[in-house]
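K.L.:
Okay, here's what each chain looks like letter by letter:
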Amino acid sequence: MIELNDDLLNKYIDDELDRELMQQIKKELELSPKYMIKYKALLSVHNELKKLLVEEVSPNFTSTLMLKVQKSLKSKREQNFFIVSVLSLFFLICIGIIGYLLANYIFTAEPNSSDAFTQFTEHSENFITLLHNFFSKGNISIIGSVFSFMLLISGYYFYDSMKHSKQH
Amino acid sequence: MKGVSDQEIIESVKKGNHSDYAILIDRYKNKAFSMLTRMLKNKMEAEEILQDCFLKAFKGLNNFKGNSKFSTWFYKIVYNSALSRLSVQKRKTETEMSSIDEHFNLISDYDYNLIEQQDLSLYIREMVSKLPANYASVISLFYLENLSCEEISEIMGTSVNNIKVMLHRSRSALRDIMIKNNYTEELL
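As given, the protein sequences belong to chains A and P, one line each in that order. The letter at position 56 of the first sequence is residue 56 when you use this note's numbering, and the numbering goes up by one with no holes. The letter at position 29 of the second sequence is residue 29 when you use this note's numbering, and the numbering goes up by one with no holes.
Heads up, a few of these hints could be off.
Pairs of lysine-lysine residues, derived as DSS-like cross-links and limited to a Cα-Cα distance of at most 27 Å, are as follows [claimed, not checked]:
hint: 1; chain 1: A; residue 1: LYS51; chain 2: P; residue 2: LYS180
hint: 2; chain 1: P; residue 1: LYS43; chain 2: P; residue 2: LYS65
hint: 3; chain 1: A; residue 1: LYS68; chain 2: P; residue 2: LYS164
hint: 4; chain 1: P; residue 1: LYS56; chain 2: A; residue 2: LYS11
hint: 5; chain 1: A; residue 1: LYS74; chain 2: P; residue 2: LYS56
hint: 6; chain 1: P; residue 1: LYS41; chain 2: P; residue 2: LYS76
hint: 7; chain 1: A; residue 1: LYS68; chain 2: P; residue 2: LYS180
hint: 8; chain 1: P; residue 1: LYS65; chain 2: A; residue 2: LYS51
hint: 9; chain 1: P; residue 1: LYS130; chain 2: A; residue 2: LYS50
hint: 10; chain 1: P; residue 1: LYS14; chain 2: P; residue 2: LYS65
hint: 11; chain 1: A; residue 1: LYS68; chain 2: P; residue 2: LYS130
hint: 12; chain 1: P; residue 1: LYS14; chain 2: A; residue 2: LYS11
hint: 13; chain 1: A; residue 1: LYS27; chain 2: P; residue 2: LYS164
hint: 14; chain 1: P; residue 1: LYS56; chain 2: P; residue 2: LYS41
hint: 15; chain 1: A; residue 1: LYS11; chain 2: A; residue 2: LYS26
Listed next, the stretches of chain P that the computed footprint assigns to chain A, with coverage defined by at least 3 CB atoms under 8 Å from CB atoms of chain A [as the list claims (entries may be wrong)]:
hint: 16; segment: 13 to 25
hint: 17; segment: 78 to 87
hint: 18; segment: 128 to 137
hint: 19; segment: 154 to 160
Using C-beta positions, here's what the derived DEER-type ranges look like [to be verified]:
hint: 20; chain 1: P; residue 1: SER5; chain 2: A; residue 2: SER32; range: 26 to 32 Å
hint: 21; chain 1: A; residue 1: LEU17; chain 2: P; residue 2: ASN182; range: 55 to 61 Å
hint: 22; chain 1: P; residue 1: VAL88; chain 2: A; residue 2: GLU30; range: 23 to 29 Å
hint: 23; chain 1: P; residue 1: GLU150; chain 2: A; residue 2: LYS50; range: 54 to 60 Å
hint: 24; chain 1: P; residue 1: SER5; chain 2: A; residue 2: MET22; range: 25 to 31 Å
hint: 25; chain 1: A; residue 1: LEU53; chain 2: P; residue 2: SER87; range: 55 to 61 Å
hint: 26; chain 1: A; residue 1: MET36; chain 2: P; residue 2: PHE64; range: 22 to 28 Å
hint: 27; chain 1: P; residue 1: SER5; chain 2: A; residue 2: LEU73; range: 21 to 27 Å
hint: 28; chain 1: P; residue 1: GLU8; chain 2: A; residue 2: THR64; range: 55 to 61 Å
hint: 29; chain 1: P; residue 1: GLU8; chain 2: A; residue 2: LEU152; range: 28 to 34 Å
These are computed hints drawn from the structure, not numbers from a lab. Note that beta-carbon positions come from the ideal geometry of N, C-alpha and C, so glycine has one too.
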């Protein structure tokens, strides 16, 4: 003799019980009209839920969404292009500095000189002196302003591209 | 394209055939929309969220390793997006066991007298749309998407037992309101 309840009836419908218990519940249901009504109603709900209709999105949903997907790809490409441009600029500056050092070394090197390392060190020192003069007290404020201005411009465009990509 | 699996489509999209993503959209849009509509109770909002979900999924496709089915992964995005929207709107949401402990009463909360409504299917559909968000999502995933309780628990981030409790409670609540409105007469 088992005591019927909603949990058991639900499991009975979902076929989650072992065969013996299923048989017992079946017998109990036959003896209890009250639970038979509950069971039949529950089964009816279960069957009706199986027939639930799928809601449909608006007809142009896929095309609108694919446009958004394309836009998101485009803005991602723009973002990547921006980052690559900024990195390329810094790379070019670095290449320029190294190139300047090498050019100085090649054009001023004495053909018969054997101590290449000493010459290179001298040129490097000259370059450092040049940089030191360049960043002297008089120029530092101008360089700082230019650098800040460049940072602000880059920051603005970066923020703008991020905003643009989020909107799409 | 019916015979093509989700994984094959994803591989194709990853290779650069972005237009193939439309096949995935067409495959899941209506079922996900049904789930969102029942959770948010608003079709316009549901469609807006669904677009965001598909965009999120597209952007995250490279991170999708295929450990679980695409449908499970996608419905997880849909479910979490719906919950976020509900929390933004400060609507009452039910999560994890706390929600299960809080009894919802379809009869008293939504005393929806459809005596004039003769069609049981329509009646049930009306009542499902009035279920709380979590319960509605369980019903949608179980009956519309035919997902197992294990898959639903993975999507909703809760235990299988919780899912079963929600499923049983939803059915029992619908049954009770059906009995209350004398829909059982024809069953006997």
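K.L.:
Under the constraints set out in the numbered hints, which ones does this structure not fulfil?
P.N.:
Violated hints (numbers, rising): 2, 3, 4, 7, 8, 11, 12, 17, 18, 19, 20, 21, 22, 23, 24, 25, 26, 28, 29; every other hint is consistent with the structure.
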